[in-house]
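A.B. asks: Listed below, chain by chain, are the residues.
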Amino acid sequence: MDNFITSLLGENILTFVLVTVPVIAFVAVFALYAVLGERKISAWMQNRVGPNRVGKGGVLQTIIDGLKLIQKEFVSPIRADKYIFNLAPIIVFTAAFMGFAVIPFSSIFIGADLNLGLFYFFAITSLGVIGLMIAGWSSNNKYSLYGAVRSVSQIVSYEIPTALAAIPVVMLAGSLSMQTIIHEQAGGILNWYIFGGPGAISKLILFPFMLTSAVILFISTLAETNRTPFDIVEADSEIVAGVHIEYSGMKFAMFFFAEYAQMFAVAAIVSTLFLGGWQSPFGDLIPFLNNPWIQFGWAISKGLLLVFVQIWLRWTLPRLRVDQLMTVCWKFLIPITLIDLFIIGLYAVL
Amino acid sequence: MFSDYGQIFVFMLVAIAFVLVAFISAIILSPRKPNISKDATYECGEDTVGDTWLRFNFRFYVVALIFIIFDVEIIFLFPWAVVFKELGMFAFLEMVVFLFILILGFVYAWAKGDLVWDKPSPIIPKLDRQIFKAD
Numbered sequence: 001m002d003n004f005i006t007s008l009l010g011e012n013i014l015t016f017v018l019v020t021v022p023v024i025a026f027v028a029v030f031a032l033y034a035v036l037g038e039r040k041i042s043a044w045m046q047n048r049v050g051p052n053r054v055g056k057g058g059v060l061q062t063i064i065d066g067l068k069l070i071q072k073e074f075v076s077p078i079r080a081d082k083y084i085f086n087l088a089p090i091i092v093f094t095a096a097f098m099g100f101a102v103i104p105f106s107s108i109f110i111g112a113d114l115n116l117g118l119f120y121f122f123a124i125t126s127l128g129v130i131g132l133m134i135a136g137w138s139s140n141n142k143y144s145l146y147g148a149v150r151s152v153s154q155i156v157s158y159e160i161p162t163a164l165a166a167i168p169v170v171m172l173a174g175s176l177s178m179q180t181i182i183h184e185q186a187g188g189i190l191n192w193y194i195f196g197g198p199g200a201i202s203k204l205i206l207f208p209f210m211l212t213s214a215v216i217l218f219i220s221t222l223a224e225t226n227r228t229p230f231d232i233v234e235a236d237s238e239i240v241a242g243v244h245i246e247y248s249g250m251k252f253a254m255f256f257f258a259e260y261a262q263m264f265a266v267a268a269i270v271s272t273l274f275l276g277g278w279q280s281p282f283g284d285l286i287p288f289l290n291n292p293w294i295q296f297g298w299a300i301s302k303g304l305l306l307v308f309v310q311i312w313l314r315w316t317l318p319r320l321r322v323d324q325l326m327t328v329c330w331k332f333l334i335p336i337t338l339i340d341l342f343i344i345g346l347y348a349v350l
Numbered sequence: 351m352f353s354d355y356g357q358i359f360v361f362m363l364v365a366i367a368f369v370l371v372a373f374i375s376a377i378i379l380s381p382r383k384p385n386i387s388k389d390a391t392y393e394c395g396e397d398t399v400g401d402t403w404l405r406f407n408f409r410f411y412v413v414a415l416i417f418i419i420f421d422v423e424i425i426f427l428f429p430w431a432v433v434f435k436e437l438g439m440f441a442f443l444e445m446v447v448f449l450f451i452l453i454l455g456f457v458y459a460w461a462k463g464d465l466v467w468d469k470p471s472p473i474i475p476k477l478d479r480q481i482f483k484a485d
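Chains as they are written, first to last, in our numbering: chain A, 1 to 350; chain B, 351 to 485.
It is possible that part of the hints are untrue.
Stated by the list, open to error - Result set (PhoX-like, lysine-lysine): computed pairs, CA atoms no more than 25 angstroms apart in a straight line: (1) Lys72(A) with Lys388(B); (2) Lys476(B) with Lys72(A); (3) Lys82(A) with Lys388(B); (4) Lys331(A) with Lys435(B); (5) Lys68(A) with Lys435(B); (6) Lys203(A) with Lys383(B); (7) Lys72(A) with Lys82(A); (8) Lys68(A) with Lys383(B); (9) Lys68(A) with Lys82(A); (10) Lys56(A) with Lys68(A).
Stated by the list, open to error - Residues from chain B shown here face chain A by an in silico Cβ test under 10 angstroms; the list is partial: (11) Gly356; (12) Ile377; (13) Glu393; (14) Asp397; (15) Thr402; (16) Phe410; (17) Phe434; (18) Phe442; (19) Val447; (20) Phe448; (21) Tyr458; (22) Trp467.
No wet-lab data here; the hints were simulated from the structure. Glycine is no exception: its CB is placed at the ideal position from the N, C-alpha and C atoms.
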C-alpha cells in the first residue's frame, strides 16, 4: 500500500480507519490556526493588533470561539425545510474532506493513491456546490437563494479553467495519480512542472506557458473556494452572508471548517501539480532533505505558503461584480488555457 | 482486502461522523428556548415581505448550458491527456479538430452576446458651475 500505517500494521479494517486519523487531525488543527492566522495577518496588513487576549498573543482564540459556538442553540427557522437544511453542512464538509483522500503528504503517506487521483479530486470537491445549493434553497430566505444561484454559476464556470489548467501537467506526466505526478518531478527545483518538468534543458521554453497555467489554476481554485476577490456568493454588503445566513452555532462552524479545509486542499493541489509536492527543491544535492519524514514538512510548508498568498489576496483586492466575474472566466481564463493546452500539447508531441 | 475506493469510503464515513459528533455535542450542550421571532426568517430585522421564490437573471441558465458542453469536453480530455504521448501526432490532431468544433459553438455564444452581463450604468450628476474656485 501507499502509506506507512498499512505497511507497518498490515491491511485490516482498523488500519483503514487509522489512515484517516492523521488527516482529520491535520484538517482540524489547520482550520483552527488558519482562522487565527487569517485574523492576525489581516490585522497586520491593516495596522491593527488582532486577537491578543486569549492565551499568549491570542493563540487560543479560535478554540474559545469553537467552544462558544458549540454552546449556541441549534436553531432551524420555521420556514426552512428542516431535513435538508441540516443535511447541507454535512454534505459541504464531507465533500471538502474527501478531497484530502488523494492529497499526498509524503512519499510514504497518502490516503488513497487512486490511479484517477486528480480527476477524483475535481469530481468530489465540486460536489460541495450541491451542499451550497440545497443550503440556499432550504433556508427559504431571499438572500440565501440569491447566494446559492450565484455560487452555482460561479463554481460551475470556474470548474472549466481549473480542469483545463491542470491538463498540461497530466499530458506531460502521462498519469492522473498524484504520487506518480510527484515522482516525475524528482531531482530539484528545475524539474518541477512549473519549469516544464523533467527533461533536457530545451524544456525551459515551456516555462512561460506552465507559469500561466499555474497562475490560472490558482486563480480559478480561489474562485472554487469562494474566497475574496470571488466571494460574491457571500457578499456581506449586498446579500448579507449568502447561503450562510440562516445557519448559526455548530452548523455555521461546519461551513467555516469546510471553507478552510478546501483552502488547504486546493493549495496542496497547486503545489502537487506545479511545485513538486513533497519533493525537496534541492534534489539530490542534500540527500538528507529527501527523507520521507522531512517530505511532510515540504508538502505542508508549500501548502501553507500558497494559503498565505490566498489570505494576502483576500485583504488586498476588492470583490468583483457578477459581470466582471463571468467576463474574467469566460473571456479571459478559458481562451488562455485553451491556447496553453495547444502549445504544450504541440511541444509534448513533437 | 479493500480496494483504494474502500479507503475513500472510510474517508466519507469519518467526515460524516465528525460532523455528527459536533452536532450531537452541540445539541447536548446548548439551551433550547425557541420563540417565534428567533425562528423567523432573517431579513435584516424587518418582517419578511412576499414570496422567497424571486425571479433571477436567465443568463444563469445559459451559463449552465455552456458549462455542460465544456464539461463533456473535459471528461474526454482527461483520458486523452494520459495516453496521447503514446498515440502521437494523430491523436493530437484529432483532439484539435474536436476542440475546434466545440470552440466554434463557444464563439457563436460569445458573438450572440450570451456572455455579456448587464453592467451597472450609474448616472453621475453634472455640475454647471464650479463650487470651489481655484484662485
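A.B. asks: Holds or violated: Phe448(B) as interface residue toward chain A, Cβ cutoff 10 angstroms?
C.D. replies: 12 angstroms, violated
A.B. asks: Run the distance test for Lys68(A) versus Lys82(A): straight-line Cα separation, threshold 25 angstroms.
C.D. replies: Holds - the C-alpha atoms of Lys82(A) and Lys68(A) are around 23 angstroms apart, at most 25 angstroms.
A.B. asks: Report holds or violated for the interface hint on Gly356(B), using the least CB-CB distance to chain A and a cut-off of 10 angstroms.
C.D. replies: Status holds, d = 7 angstroms.
A.B. asks: Does the interface hint hold: is Thr402(B) within less than 10 angstroms of chain A, judged Cβ to Cβ?
C.D. replies: Hint holds; Thr402(B) Cβ to chain A Cβ min 5 angstroms, cut 10 angstroms.
A.B. asks: Any CB of chain A closer than 10 angstroms to the CB of Tyr458(B)?
C.D. replies: Status violated, d = 13 angstroms.
A.B. asks: Run the distance test for Lys56(A) versus Lys68(A): straight-line Cα separation, threshold 25 angstroms.
C.D. replies: With Cα atoms ~19 angstroms apart, Lys56(A) and Lys68(A) stay inside 25 angstroms; holds.
A.B. asks: Should the interface hint for Asp397(B) be scored as holding, given a Cβ-Cβ cut-off of 10 angstroms against chain A?
C.D. replies: The hint is violated - Asp397(B) has no Cβ within 10 angstroms of chain A, the shortest such distance being about 12 angstroms.
A.B. asks: Straight-line Cα separation of Lys476(B) and Lys72(A) no greater than 25 angstroms?
C.D. replies: 52 angstroms, violated
A.B. asks: Take a quick look at whether Lys68(A) and Lys383(B) sit within 25 angstroms of each other, Cα to Cα.
C.D. replies: 17 angstroms, holds
A.B. asks: Holds or violated: are the alpha carbons of Lys82(A) and Lys388(B) at most 25 angstroms from each other?
C.D. replies: 15 angstroms, holds
A.B. asks: Does Glu393(B) pass the interface check with chain A, least Cβ-Cβ distance below 10 angstroms?
C.D. replies: 7 angstroms, holds
A.B. asks: Does Lys435(B) sit within 25 angstroms of Lys331(A), going by the straight-line distance between their CA atoms?
C.D. replies: 30 angstroms, violated
Checked against the numbered hints above, the structure violates hints 2, 4, 5, 6, 14, 19, 20 and 21; every other hint is satisfied.
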